[in-house]
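Residue numbers (the working numbering), protein chains in the order written: chain A, 1 to 202; chain B, 1001 to 1149.
In short, the hints are calculated from the structure, not lab data. Since no wrong hints were added, every one of them can be taken at face value.
Cut-off 20 Å, straight-line C-alpha distance, at most; resulting in silico cross-link-like pairs (EDC-like, lysine to aspartate or glutamate): (1) K1121/B x E50/A; (2) K142/A x E191/A; (3) K118/A x E93/A; (4) K1122/B x E184/A.
To list a few chain B residues with every Cβ distance to chain A over 12 Å, as calculated: (5) E1041; (6) R1042; (7) N1043; (8) E1045; (9) S1046; (10) Q1056; (11) E1057; (12) V1060; (13) G1064; (14) R1086; (15) E1088; (16) S1090; (17) H1091; (18) R1093.
Where a beta carbon is used, it is the ideal one built from N, C-alpha and C, also for glycine.
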Amino acid sequence: MSISANQILRGAALTVFLMLAACARDTVTLLPGADGGSSGTVAVLSEDGEAVALINEPYQVGRVRGDSVSTRTASAEEVKAEYGDLIGTLPPEPAIYVLYFEEGTTNLTPRSAPEMKKLLADVAERPGAEVQVTGHTDTVGKEVDNDILSQQRAALVRDLLIDMGVTPGDVISVGRGERALLIETEDEVQEPRNRRVEVTVR
Amino acid sequence: MSCLRALFFLILLPAFSIASAGAASADIGRVKNASGAASIERNGESIAAAPGLSLQESDVLVTGADGKLGVTFVDNSRFSAGPNSRIELSHFRFNATTLDGQFDTRLQKGSVAIISGQIAKKTPDAMKVRTPSSILGVRGTEFVVEADQ
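Let's have the full structure, built from the sequences with the hints guiding it.
Put into C-alpha cells, the structure is as follows:
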C-alpha cells in the first residue's frame, strides 16, 4: 500500500473522530441537597469562564455540548432508576464533633467526654477513615497570633487522639484562627464558645 | 538466584522511597469504598483501589464494567464513579485555614456523582468539571455528570 493511501486513511480516521467529538453530549443532572433544601447551581461555562447556562432546579437535566444547552426536569423516580446505584456509592457525609477544653489545658470539659467517645466509635466504623482537627479562637488578640494559637490547640488535640489509639497517619491538624466564629462577636471579645476545636471524621 | 533477588531489591528500593516521600506531602483525599474493577492510575501505573488508599493530584479514578468507587477529598467534597469511567483529578489546591482552593476534574468517560465541598462553597467556579465537550462550574451542589451520550 502506498504512503499516500495510508495518509488518506489516517485523515479519514481523524475526521470521523472529530465528527464524533462534535456530536458528544454530556448529561448533567442536579440532585436535591441531602437536607432536601436548596439544590445549588452548576454553571455551564464557555472557554473563557463565562456562564452560558445555569442548571439550578432539583432534578433538572441539562444536555450539554460545548456552550449549547437544552434542559428539562426529570422525576425523582427517573433519576433514581438511572443513577440510584451511583448516588448510593457516594461515601457518607463527614461528621463534625465539637470539643471544649478546660481553659488553658487539653482536659476535656465534662460535657465533651461523651462526644469524644462518639468520635472514636465513628473513626472505628468508617472504612478508610481519616480525622481532621480544626482549632478556632475567639476575637481577642491579633489575627496572626490567633492563627498560631488555633493551630497549637489543634496539634495538642491531634496528640490526644493519637494517645487514644487513632493512627498518626490518619490525623491532621489545622488552625482557622478567628475566621469561623461559632458565636458572632465584635473584635476583642472573650467568648469561651468560640475557643473550640472541631474534629471532622471523614 | 540470590544475587538476582538482591539486584531486584536494589532496583526496587529507591522506587519505593520516592513513592512514599511523594505520598506524605500531597494527600488530597482517600478512597472510601471500591468494588468490582476499580483502580487508581498514577504516573502510568495502576493501583488497586481499596478503602484508605490516599489520592494525589493527577491521579485518575478508573472503573471497569462492574466497577464502583467512592472517594472523599480534604475539602469534604465527595465523588462516586460509575462503571466504565475515567476521572482525572487534574488539579487540586486547598488551604485549610482560608478555605481558598482550586479543584479541576476531567471526566474523560463514564459518569461521576459529585457533592461539592469547601472549595466550591468559598469560591463559586473554583471547582470545575471538564468533559470532552464542555466545562462545568460548580457553585455548591450535588449533581451527576455523564459524558458522551
